[in-house]
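**Student:** Listed below are the residues making up each chain.
There are 2 protein chains.
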Amino acid sequence: MRVGYFQFDPVFGEVKRNLDVVSERLAHVECDLLVLPELFNTGYQFVSREEAVSLGEDIPGGATTARLLELAAARRMHVVAGLAERVGNAVYNSAALIGPSGLIGVYRKTHLFAEETLWFTPGDTGFPVYDIGPARIGLMICFDWFYPESARTLALKGADIIAHPSNLVLPHCPDAMVTRCLENRVFAVTCNRIGSEERAGKKRLTYIGNSEVVNPAGNILRRAAGNQVDLSVVEIDPSEAREKRITPFNDLLAARRPEHYSS
Amino acid sequence: MRVGYFQFDPVFGEVKRNLDVVSERLAHVECDLLVLPELFNTGYQFVSREEAVSLGEDIPGGATTARLLELAAARRMHVVAGLAERVGNAVYNSAALIGPSGLIGVYRKTHLFAEETLWFTPGDTGFPVYDIGPARIGLMICFDWFYPESARTLALKGADIIAHPSNLVLPHCPDAMVTRCLENRVFAVTCNRIGSEERAGKKRLTYIGNSEVVNPAGNILRRAAGNQVDLSVVEIDPSEAREKRITPFNDLLAARRPEHYSS
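Same order as they appear, the protein sequences are chains A and B. As numbered in this note's numbering, residues 1 to 263 make up the first sequence, in order. As numbered in this note's numbering, residues 1 to 263 make up the second sequence, in order.
Okay, chain A solo, but in the shape it has when bound (with noise of 0.2 Å):
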């Protein structure tokens, strides 16, 4: 199975350049599971809620989905696009996994971080896990990562590979995303966008890149440059998060003991 990211420079307010960017580069790619970044099609820096109500879309009958399900069924692949979704007055910061048949679900992040809490709704669908045949995909949304729980739910619920859109702006997360894949035996791809962000009266954003795909050995198979358009595509084994015994006495997941855990 091919997976892959696409990391680039997402130019706030957009769209129509940013979906362009996105339908030329991937044009000719061939891979099945595909990952772009968090917000990839308005930008990331919002300065009030007015702002995300108007760049928000529905989802699918937003412009943006229309183009990924033109994109997705063109490629015969599987993409994982972030999206502010608009769902009447409300906005949540989403992701959407779109086959070449069509839309098959939507996760609306749960743990929003600093201002996106001004801006958007607390996710209300909790961590989603689909079978798209090759492998079970689960979502989480940037700084999602930053909660164990995120990950773990989403292996619980069987998980094989954790589809990760992200607009990274701290150090972290590429190496913690190898602690997840460790502690959860899974794989992740990470999409983290590039470039920076200044919105009128708002601090300067710089984006990490640092995209990668690291595997349930915690091994990282590629990992983007801080600063460079890159759209990278691996080979994996899905089955290799299916194989949950860690040494020859201990399960993984079996091994788990919630009576002695808080929750």
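Fair warning: there could be bad hints in the mix.
Any copy, or any two copies together, can satisfy a pair, since identical chains are not distinguished.
DMTMM-like mimics (lysine to aspartate or glutamate), calculated; alpha carbons at most 20 Å apart, straight line [unchecked claim]:
| id | residue 1 | residue 2 |
| --- | --- | --- |
| 1 | K244 | E14 |
| 2 | K244 | E115 |
| 3 | K157 | E259 |
| 4 | K244 | D230 |
No lab work stands behind these hints, which were simulated from the structure alone.
Given the coordinates of chain A, work out where chain B should sit on it, guided by the hints.
**Tutor:** Frame of chain A; chain B shown alone:
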């Protein structure tokens, strides 16, 4: 507050020698909380349950605890030490927290690794936290690090500092403890051993050293080499662990969303 570790090379079965090494090297240490390795008095690589029973000791009645009580009283410090605890015919892989005035508590390892499952009884204490005055100390042992629930449970119970006696042979834990400290905003003192063991009929085990002190911001304040005896003490401010705001909009533990977590 001064916290530290004594990383050394216990010799299997030579309990008196191992206790002498500790007593001599710590005879003049100035420290408030000193962590020793897992099974520091016996060594790690047991080859039978009988051997574990024979080397197991009562806590606090056994010879090892007696020596640690002397040391803690003489140096006016707290010690966390890993040792095999015998209770009737059961043996636990335990850690004792000993203060200047006596035994404070015992933790019995929750997640046994590999052949430990053959010699030891799974811990029945859960993850305890003890208030020693300048800080609240949480206990976990070695492979417990692999399960994020261990450190999370300690943080939810109010731990400021995780004392983590270890006998690590795989490379991942030292970097993973950075994630454990970040995701819980706690300090951790991991004390690993060095050297190697090769018991009759068993594969040689080589321990990776790299004992460390990590702070709630995920900074490694001190990390030992992989193969050198190392007594290190670091000054910390445990109140840093009580500030759980990670942005002005995010309180780490309050922002958890257990209704969306599988357990």
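**Student:** Next, verify each hint and record whether it holds.
**Tutor:** Taking the hints in turn, this is what the structure says about them:
| no. | hint | verdict |
| --- | --- | --- |
| 1 | K244 x E14 | neither (44 Å within a copy, 36 Å between copies) |
| 2 | K244 x E115 | between (38 Å within a copy, 17 Å between copies) |
| 3 | K157 x E259 | both (19 Å within a copy, 15 Å between copies) |
| 4 | K244 x D230 | neither (32 Å within a copy, 35 Å between copies) |
This entry does not satisfy hints 1 and 4, going by the numbered hints stated previously.
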